[in-house]
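Asks: Here are the chains, one letter per residue:
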Amino acid sequence: MSDILKLDKKRLDKFVAALLSEYRLFGPVEANGLTRFAEVESADALKLDSNTDESAKGIFFPQVETILTYENGKTETPSGPDKPIAVLGIRPCDARSLLMLDKVFGTGKYNDSCWTRRYENALIISVGCNTPRAGCFCNWLDLGPFSKQGSDIALTDIGDALLVESCSEKGRGFLESSDEIPFRKPTDDDLSKAAGVREHAESSMEDKVDISSIKAVLDKSWDSSLWDELAGKCLSCAVCAYLCPTCHCFDIQDEKMPGTSRGRRIRIWDTCMAPQFTKEASGHNPRPTGKKRIRQRVMHKFNYFVDVFGEIACVGCGRCVRSCPVNLDIRYVIKRFMDAG
Amino acid sequence: MIEAKVENTIGRHKDWQPKILAFLCNWCSYAGADLAGVSRIQYPPNIRVVRIPCSGRVNPIFILKCLQNGFDGVLVSGCHPGDCHYISGNYVARRKFAVLKTLLEFMGLEPGRVQFSWVSAGEGEKFAQVVTKVTEDVKKLGPARKLVRNLEPTETKY
Amino acid sequence: MADVEQVLRETVRKLLQEQKVCRVIGYARGSSALRSTPVFIEDEKDADSLVFDITCGNNLTQYLKKCGKAGDGRVGIVAKGCDGRAVVQYIAEGQVKREGILIIGIPCEGVLDHRKACDKTQGREVSEYRIEGEKVVLKGKDFEVSLDKFDVLSDSCRRCRYPSPPVHDVFITEPKEAASQEPECKEFDEFEKLDASERWAFFENEFSKCIRCYACRNACPMCYCEECFVDQSNPQWFGKSTDLSDTMIFHIVRVLHTAGRCVDCGACERACPLGINLGLLNKKVEKEIQERFGYTSGLDPDETPAMAAFDEEDKQEFIL
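Residue numbers (our numbering), protein chains in the order written: chain A, 21 to 361; chain B, 5 to 162; chain C, 823 to 1142.
Bear in mind the hints are in silico, worked out from the structure with no lab data behind them.
From a predicted model like this one, the values you see are computed outputs, not experimental measurements.
Don't be surprised by glycine CBs; every beta carbon is placed ideally from N, CA and C.
One or more of the hints may lead you astray.
Said to hold, decoys possible - Quick list of in silico lysine-lysine cross-link-like pairs, DSS-like style, CA-CA up to 25 Å: (1) Lys942/C / Lys355/A; (2) Lys938/C / Lys228/A; (3) Lys888/C / Lys299/A; (4) Lys150/B / Lys867/C; (5) Lys67/A / Lys1015/C; (6) Lys213/A / Lys888/C; (7) Lys67/A / Lys938/C.
Unchecked claim - Each pair of labels, with its calculated beta carbon distance range: (8) Tyr1046/C / His220/A: 55 to 61 Å; (9) Leu54/A / Ser949/C: 22 to 28 Å; (10) Thr298/A / Tyr1046/C: 58 to 64 Å; (11) Asn30/B / Glu1020/C: 21 to 27 Å; (12) Ser212/A / Lys963/C: 49 to 55 Å; (13) Asp274/A / Ser1030/C: 52 to 58 Å.
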């Protein structure tokens, strides 16, 4: 336990200052009635006590990003960040999702440079979830409100102080090199407080449902009539996909500045829930119905991704559960398939 | 440098002259503009004309697209009520424009940016007056800033 | 609401039994006490899953076109005031046939804005709720809060004038009278008093939140175009990124396309995952159309919608 340090919340500014000297810092910020990730320059801007309305994927995989600009036939690609990125205040679910996205974009046969240049050297500092919200179900996915997967440093909020624990070499390296941060040694009382917080958070979540067999179940469910039922109420909007920390489909668009020979090529989020997603230039659409589209989304997360990467592409952050306009709750969808067999 | 180009494209330099797109109906206003021309009536050269079959053909999307692409003002001109070549095209247009104008002004767009007029084929003089007034109005407002599309990467550069 | 629910279930069971309808579109309990979810009942045995309360916020009308297959018989729809008006608008626009629809009117007391309730409970799971007069009491694992109902009502419900559908075939209990005049809407009146630059700044701020998920459009019963203008690719009218001018134009054009058709049900606003204020623009256009053309959407299935009609005497003070 000697690895655990304590930082008074009042001294968070020192921690932030140390981060800022080496990193571009992103964290949850409240503005316009929403909590979203944004670049921050001081500890005051951070809002660490609740999860963000949007996931953290946009830091590394922005909804809109320029992948090249062109002018008079010459192209230019944007350069990477001047400093590596640090994220402070990400929740364990979102931190975990970054590992998944890295499997898609960063590792393996194909390497997406836009992703890698941001994520490769990033420092991920998560803060445990003291109060999981309605709709949270990370416990179904073998995570928990204090999971450390994907984090370099994990924080635990114990009231007026944070417990700081390194979870990777990178995290350890940063903490050891930052001697200007006034860390203290946690007392036994602090540690038991942390354990209490953790226990409270875990017990406040709804019971875990074992979904480890979901892939096998879905293997047999291609022709299930359940898809029709789900598609019946699904609106085919992109709320679930755009708020999802693991959805990663995108579209490429070219945009020209009117009256000039200048323009840019952008990559923007796209969603398999939209009919245009699969529409081909000929006009043919291999996934023309809502049923086929919702099947694609569920299958991609709980079946194909497992096939390719060996894990379910869901972290149970609950954003889709909370925001689906017709309450098409993914937990319910999964349960229905499990029950059907 | 890119900044300078943007400024240039939508005309924010000192000798700035507004660019105004004029949608003129084929049967009346376009002929009215023609009459103004052959009658050698002077009017400001700030309009670019797009000839349309009828003011009823103007989709509000066209107007918004003009503002987005850097026009400082938009004028739509058609036949007087009762004179529409297609009987009722301009009546339907009138309802559409009323709602569009109300909505844009409610949102806070300057009233002078988007204007409408009826000009007949015989009203060369009126056409010149309308263009002069619209140009003056837009000049007073200065370059368009609202709804203008800026293609510079808006996302954080990192 | 319990007896309303009982009557509703009984009525639907009977309608299905007597084969007066082939299916009924209604609400069932969702995955939490504060959520309901659309449900399509075909078997009378399932009628007991129907619920009706302040959580029933979806406008079900948009399912009518999906649900009514030719030769299938009538489709029943549980209709609050706004759902009912949307059905009337569908009939006026020739989207459904009157004889193909059986409108099951239900008295509405306004619906909950899920986000407002969520804010008040810091996002904690609400396991039950009850209405006590003008209060809503939300109860969860280790908390109970009592809120003014008005504070958690959807904005569009606060200014609603028509709590019951103007046309119905059966009615669950008694229809509520429409208000004799437009209820006062402070939010709107105060907004109108702001100067132009403040109003513009407000909308820029609101629409800068937009992530282009199109939940507003897809939840809207009036957005039934086969292909939306923002989805067209040949020509592609507007950009697909979250560029502010593109997003603002999307919302402006959507309001224009629903002008004189919007029934102010607020489904768009409740569907928005980021809580963008979409109702102000709709309200403004609705008012303008009432004042200018004397038309209110969704009241009379035989009246031509305002934007498909004209009057030679329409005001034209804005035309040079």
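Asks: Taking the CB of Tyr1046/C and the CB of His220/A, does the distance hold inside 55 to 61 Å?
Replies: Hint violated: Cβ distance 48 Å, outside 55 to 61 Å.
Asks: Is the straight-line distance between the alpha-carbon of Lys150/B and that of Lys867/C 25 Å or less?
Replies: violated (57 Å)
Asks: Checking one constraint from the list: CA of Lys213/A to CA of Lys888/C, max 25 Å. Satisfied?
Replies: violated (55 Å)
Asks: Hint says 49 to 55 Å; check whether the CB-CB distance for Ser212/A and Lys963/C agrees.
Replies: violated (23 Å)
Asks: Straight-line Cα separation of Lys942/C and Lys355/A no greater than 25 Å?
Replies: violated (29 Å)
Asks: State, for the Cβ atoms of Asp274/A and Ser1030/C, whether the hinted interval 52 to 58 Å holds or is violated.
Replies: violated (24 Å)
Asks: Given the hint that Lys888/C pairs with Lys299/A, does the C-alpha gap stay at or below 25 Å?
Replies: holds (21 Å)
Asks: With 58 to 64 Å as the target window, see if Thr298/A and Tyr1046/C comply at their CB atoms.
Replies: violated (22 Å)
Asks: When you check the alpha-carbon spacing of Lys938/C and Lys228/A, does it fall within 25 Å?
Replies: Measuring from Cα to Cα gives roughly 28 Å; hence the hint is violated.
Asks: Take the C-alpha atoms of Lys67/A and Lys938/C, compute the straight-line distance between them, and say whether it is at most 25 Å.
Replies: Since the Cα atoms of Lys67/A and Lys938/C sit roughly 20 Å apart, the hinted pair holds (cutoff 25 Å).
Asks: Using the Cβ atoms, figure out if Asn30/B sits within 21 to 27 Å of Glu1020/C.
Replies: Violated, since Asn30/B and Glu1020/C (Cβ atoms, about 41 Å apart) do not stay within the stated range.
Asks: Indicate whether the distance between the beta carbons of Leu54/A and Ser949/C respects the range 22 to 28 Å.
Replies: Between Leu54/A and Ser949/C, where Cβ atoms are some 26 Å apart, the hint holds.
In terms of the numbered hints stated before, the structure departs from hints 1, 2, 4, 5, 6, 8, 10, 11, 12 and 13, listed from lowest to highest.
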